[in-house]
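*Asks:* Next come the chains, spelled out residue by residue.
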Amino acid sequence: MSANFPTRPSLTRRGALQLFGLGAAATALGGCMPTSGGASPQGSAGLSGAGPTDFKFASWSLTEAAAAPALEQIIDGYEAKQGVKVAPTSFPYNEYINQLTLQIKGGQFTGAAHVDVAWLGSLAAMGKLQDLSSLAEGRGYTDAALAAARFDGVQYALPWTIGAIGLVSNAEMLQKVGVAPDGFPTTIDGFEKTLKDLKALGGGIIPYAASTKAAQLKDVLIWMQTFGSPLVDGDTVTIGDDASVEAVTWYKSLYDQGLISPDVDRFDARSLFSQGRAAIYDDAPVGRNAVTKESPDANLASKLNPVARPVLKQGDKPRALVWGGAIAVVDGDGAATAGDFAQFATSDLDTVLGDYAVRGLPPATAEALESDKVASDAFGSLFSERITATATTNPLWAFTSYSQVESEIANRVQAVLVGSAKPADAMKAAGEAAQKLVR
Amino acid sequence: MKERTPRKAPALRADRPGVRVAAWASVIVCGGFGLLPVYWLLATSLTPRDQVFSYPPRLFPSEVSFEAYASLFSNSQLFTYMQNSIIVSVVTAVLSVIVSAYMGYSFSKFRYTGRRALMYFVLASQMFPQALLLVTLYTVFSAYGLLNTYTALVLSFTTFTLPLCVWMLKGFFDTIPNELIEAALMDGASRLRIIHSIVLPLSAPGMVAAGLFAFVRGWNDFIFALTLAGPDKQTLPPGLVNTYVGEAATAWPELMAASLVVSLPVALAFILLQRFLVSGMTAGAVKG
Numbered sequence: 002m003s004a005n006f007p008t009r010p011s012l013t014r015r016g017a018l019q020l021f022g023l024g025a026a027a028t029a030l031g032g033c034m035p036t037s038g039g040a041s042p043q044g045s046a047g048l049s050g051a052g053p054t055d056f057k058f059a060s061w062s063l064t065e066a067a068a069a070p071a072l073e074q075i076i077d078g079y080e081a082k083q084g085v086k087v088a089p090t091s092f093p094y095n096e097y098i099n100q101l102t103l104q105i106k107g108g109q110f111t112g113a114a115h116v117d118v119a120w121l122g123s124l125a126a127m128g129k130l131q132d133l134s135s136l137a138e139g140r141g142y143t144d145a146a147l148a149a150a151r152f153d154g155v156q157y158a159l160p161w162t163i164g165a166i167g168l169v170s171n172a173e174m175l176q177k178v179g180v181a182p183d184g185f186p187t188t189i190d191g192f193e194k195t196l197k198d199l200k201a202l203g204g205g206i207i208p209y210a211a212s213t214k215a216a217q218l219k220d221v222l223i224w225m226q227t228f229g230s231p232l233v234d235g236d237t238v239t240i241g242d243d244a245s246v247e248a249v250t251w252y253k254s255l256y257d258q259g260l261i262s263p264d265v266d267r268f269d270a271r272s273l274f275s276q277g278r279a280a281i282y283d284d285a286p287v288g289r290n291a292v293t294k295e296s297p298d299a300n301l302a303s304k305l306n307p308v309a310r311p312v313l314k315q316g317d318k319p320r321a322l323v324w325g326g327a328i329a330v331v332d333g334d335g336a337a338t339a340g341d342f343a344q345f346a347t348s349d350l351d352t353v354l355g356d357y358a359v360r361g362l363p364p365a366t367a368e369a370l371e372s373d374k375v376a377s378d379a380f381g382s383l384f385s386e387r388i389t390a391t392a393t394t395n396p397l398w399a400f401t402s403y404s405q406v407e408s409e410i411a412n413r414v415q416a417v418l419v420g421s422a423k424p425a426d427a428m429k430a431a432g433e434a435a436q437k438l439v440r
Numbered sequence: 002m003k004e005r006t007p008r009k010a011p012a013l014r015a016d017r018p019g020v021r022v023a024a025w026a027s028v029i030v031c032g033g034f035g036l037l038p039v040y041w042l043l044a045t046s047l048t049p050r051d052q053v054f055s056y057p058p059r060l061f062p063s064e065v066s067f068e069a070y071a072s073l074f075s076n077s078q079l080f081t082y083m084q085n086s087i088i089v090s091v092v093t094a095v096l097s098v099i100v101s102a103y104m105g106y107s108f109s110k111f112r113y114t115g116r117r118a119l120m121y122f123v124l125a126s127q128m129f130p131q132a133l134l135l136v137t138l139y140t141v142f143s144a145y146g147l148l149n150t151y152t153a154l155v156l157s158f159t160t161f162t163l164p165l166c167v168w169m170l171k172g173f174f175d176t177i178p179n180e181l182i183e184a185a186l187m188d189g190a191s192r193l194r195i196i197h198s199i200v201l202p203l204s205a206p207g208m209v210a211a212g213l214f215a216f217v218r219g220w221n222d223f224i225f226a227l228t229l230a231g232p233d234k235q236t237l238p239p240g241l242v243n244t245y246v247g248e249a250a251t252a253w254p255e256l257m258a259a260s261l262v263v264s265l266p267v268a269l270a271f272i273l274l275q276r277f278l279v280s281g282m283t284a285g286a287v288k289g
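So the protein lines, in turn, are chains V and C.
The first sequence lines up with residues 2 to 440 when you count with the numbering used here.
The second sequence lines up with residues 2 to 289 when you count with the numbering used here.
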C-alpha cells in the first residue's frame, strides 16, 4: 500500500470488472450460507406427546390494548390448568403473516398460531401445519366454522372467532329515507335507489362508504360474485367474464353518481360511519368496537344494523365473505400441548364466553353461540342470521399467491374508477394477470 | 478592444416593504409546511378519542385531554422499547463512525489495486432495496444464533449506514491537505498516530454528521427491528405499532402522544449538534 493521493475517482472498465468480481464473490458466499431444514410432511403425528410441555403462542392480538386482556385471561387459565408456560409472540396484524411465515420457514416458530382463515392456504403450503381433525371431533364446533378453518379438505386449524364481512347500516339514517331496520332492500336495483335517496338527504352524506382505495378494493370481489361471477373455475380465474365486467360497470356508476366516495378503505369507512357521515359500509364483527368507540354519538351501538347484501334478482342467495380467526399448530417443540391449548381456547365454554365478554367476536361452537351471553347480543345475532349464514370463502384463497392476485384485480378496478380504463378491458387484463400468478 | 464589464444586477433591498413582506410570507409558508405536521401530532395527542375524526376537522381541539399522555407514562413496556432503541441506535452510530472513518481514510488517502471498485461496491450496496436483504440477513443471523439480540440489530443497521458514512467521511478527509500528512510523516509520526492525532480530530464535524445519520437510521427503522429483534429487544417503531395499531382500530391520540415523546431525544440531538451536521454534510462540496 502506498500513500499516493488519488485524484477524482471515476469508474473505469477495469474498476467495473473488479466491482462485478466482488459482487459475484459476495453472491457465492451468500449461497454457501447454511439454510434451515426442509418442510416436514403434513399430518398429525406432532400432536401426540408424553405430557404437557411449554410452547409458543403467536397472535397479533396479544399486544392490542382492546384484545390483549382476553388473550391474557386464556393463557393464564391454561397455564394454571396444565402447569406449563406459554411464551407469547406478537406482530402487528398488517405484518403478521409475513413475519410468521419467515419464522416458521426459518424454524424459529413452533407451537400454536392465531391465523386469519384467509391465510390457511399459504401457511399450509409450507408443510408444517398439523392436521387438527382429531382435535376438532366432539367439541361442538359448527359445521360452517370447521369449514372456514379447513383448506383442501384438511382441518389445518381450529375455528376460534368465525363471522363474515357484510354490510353494516345506520338504522336511524335509513329510517330517514323510509327504510325500516328489517326492510333493507333485497335487490341491487332497490339498493341503488336507497343510496340515491340517502344522497338526496344532503349534508354531504356518503350513502355507501364502499372501498375505493386499491389497498381494499378486493371488496369488489363479493359484488362480482353477487353479479354471478364464480371468480375461479377449477384452476382458471374467471375474472373478465360478463358478470365481473357488469359488477365493475355498476360499481363505477355508483362512483360517478357520488353514491360511493373516492379514497376510502376499511379504516376510512369506519371513521366516516362512526362520525355519522356514511350510512352503510362493509365490515366484519371486529369493526363494531372501533366504530362505537370513535363515535361522538353515544348511542351509535344501538343504531348498528347488519343487513344482508342485496342480490341481482329475487331468489338469489345473498353473498358474504367468510371472515375469522383460528388457531393452527406448527409442528415441532411443544406442538402436542399447543394443540391441546388450541382446543381449550376455542371450545372450552367458560374460556370462550370469557373471551366473548372482552372481544365480542362470534365464537365457533354451537354451545357458545346458543348461550345467553351471545344470543342476547342483538347485533351479533343479526349479523350471524343475516350475513354469516350465507358466507362463503373466497375461491382465490386456494392459491398461495392470492394476495398478489387480489392486488392485480384491485389495481385494475381502480383504473376503471378513475376513468383510465374501460371495465371490459380492465377486467380482461386483470383475469389474465391473475391467471399468470396462479399457474 | 475595450473589455465589456458585466452589468450589475439590481440589488434586492431588504428594507423595501415589498421584499420584506415576500420574505416573511415565504418564512411563514415554509415554516407552516414544516411545522404543521408536528402541530397536528400534538393536537391529535390532546384530542379525546371520539373527536379525532370529527368533521369538519378542527385546527384546535374543542376539548383538551391528557389521557393519552397518562396512558403513555403508565405503560412500562414503552420504556423498555425506548431503552432498546437508545442502546441499538447509539451502538450503531459509534460502530458506523469507527468503521467508516478507517474505510473513508483508506479510500481518501491511499491508492491500491481495487480501491475504486471497492468504493463503488460499497456505494452499490446502498442501491439494493433493503427489504430484499431482510430474508438473507434473517437466515444468516438465525444460523449463527444471533436472532433476538442487540447484535443482530446493530449489525444490520450498520450494514445500511456504512456506505453513506464512508462516502461522507471520505469527502471530509479529501479536504484535509495532503501536505499536513506528509509533514507529519517527515516528523516521524506513524500512520496510526497521524490518523488518531491529526486527521480524526480535524474531522470531528464529519464524524458527528455521520454518527447522527447512523443514529437516526437505527432509531427509525421498523421492519428490521420487527423481524430480527424478538419481543425482548424490540425497539420503539415496531413497539409503538404493536401497542397502538390494531386489527380493526388505531389508538390515534396515544400513538401521536408516544410519537411526539419518542421523537424528543432525536430532536434534542439535532439541536445540540446541528452546526456539526451542516458543516459535516457540506464538507468536500467545494474544492480548495
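Derived by calculation from the structure, the hints in this document are not laboratory data.
It is possible that some hints are incorrect.
If you only want the chain C side, here are some residues facing chain V, beta carbon under 10 Å, derived [stated by the list, open to error]:
1) 16
2) 39
3) 143
4) 221
When the alpha-carbon atoms are kept at most 20 Å apart in a straight line, the in silico DMTMM-like pairs for lysine to aspartate or glutamate are as follows [to be verified]:
5) V:86 / C:233
6) V:214 / C:248
7) V:294 / C:248
8) V:219 / C:248
9) V:294 / C:175
Here's a subset of chain V near chain C, in silico, CB distances under 10 Å, partners left out [to be verified]:
10) 66
11) 93
12) 99
13) 275
14) 298
15) 300
16) 303
17) 304
In this text, a Cβ means the ideal position worked out from N, Cα and C, and glycines have one as well.
*Asks:* For each hint, tell me whether it holds in the structure or not.
*Replies:* Results for each hint:
Because the beta carbon of residue 16 of chain C sits about 44 Å from the nearest beta carbon in chain V, more than 10 Å, this interface hint is broken. Here the hint on residue 39 of chain C is broken, as its CB sits about 22 Å from the closest CB of chain V, past 10 Å. Contact between residue 143 of chain C and chain V, as hinted, is supported at the beta carbon level, the nearest pair being about 5 Å apart and thus within 10 Å. Given hint, residue 221 of chain C at the interface with chain V, is violated; its Cβ is 16 Å from that chain's nearest Cβ, farther than 10 Å.
For the suggested pair residue 86 of chain V and residue 233 of chain C, the alpha carbons sit about 17 Å apart, so the restraint of at most 20 Å is met. A distance of roughly 18 Å separates the Cα atoms of residue 214 of chain V and residue 248 of chain C; the hinted pair therefore holds under the 20 Å criterion. Of the pairs offered as hints, the one joining residue 294 of chain V and residue 248 of chain C holds, with about 15 Å between alpha carbons and a cut-off of 20 Å not exceeded. Restraint check: the Cα-Cα separation between residue 219 of chain V and residue 248 of chain C comes to about 17 Å, which is no more than 20 Å; the hinted pair holds.
Pair hint residue 294 of chain V plus residue 175 of chain C does not hold up; C-alpha atoms about 60 Å apart against a cutoff of 20 Å. A cut of 10 Å between beta carbons decides the hint on residue 66 of chain V: the least distance to chain C is about 6 Å, and the hint holds. A hinted interface residue such as residue 93 of chain V counts as satisfied when its beta carbon comes closer than 10 Å to some beta carbon of chain C; here the least separation is about 5 Å, so the hint holds. Hint on residue 99 of chain V holds. Least Cβ distance to chain C is approximately 9 Å, under the 10 Å limit.
Hint status for residue 275 of chain V: holds, given a least beta-carbon distance of 7 Å to chain C, under 10 Å. Here the hint on residue 298 of chain V is kept, as its CB sits about 9 Å from the closest CB of chain C, short of 10 Å. For residue 300 of chain V, the shortest C-beta to C-beta distance to chain C is roughly 13 Å, which exceeds 10 Å, and the interface hint is violated. The interface hint given for residue 303 of chain V is broken, as the beta carbon of that residue sits about 16 Å from the closest beta carbon of chain C, more than 10 Å.
Evaluation of the residue 304 of chain V hint against chain C yields a violated restraint, the C-beta minimum of about 15 Å exceeding 10 Å.
The structure is inconsistent with the numbered hints 1, 2, 4, 9, 15, 16 and 17, although it conforms to all the rest.
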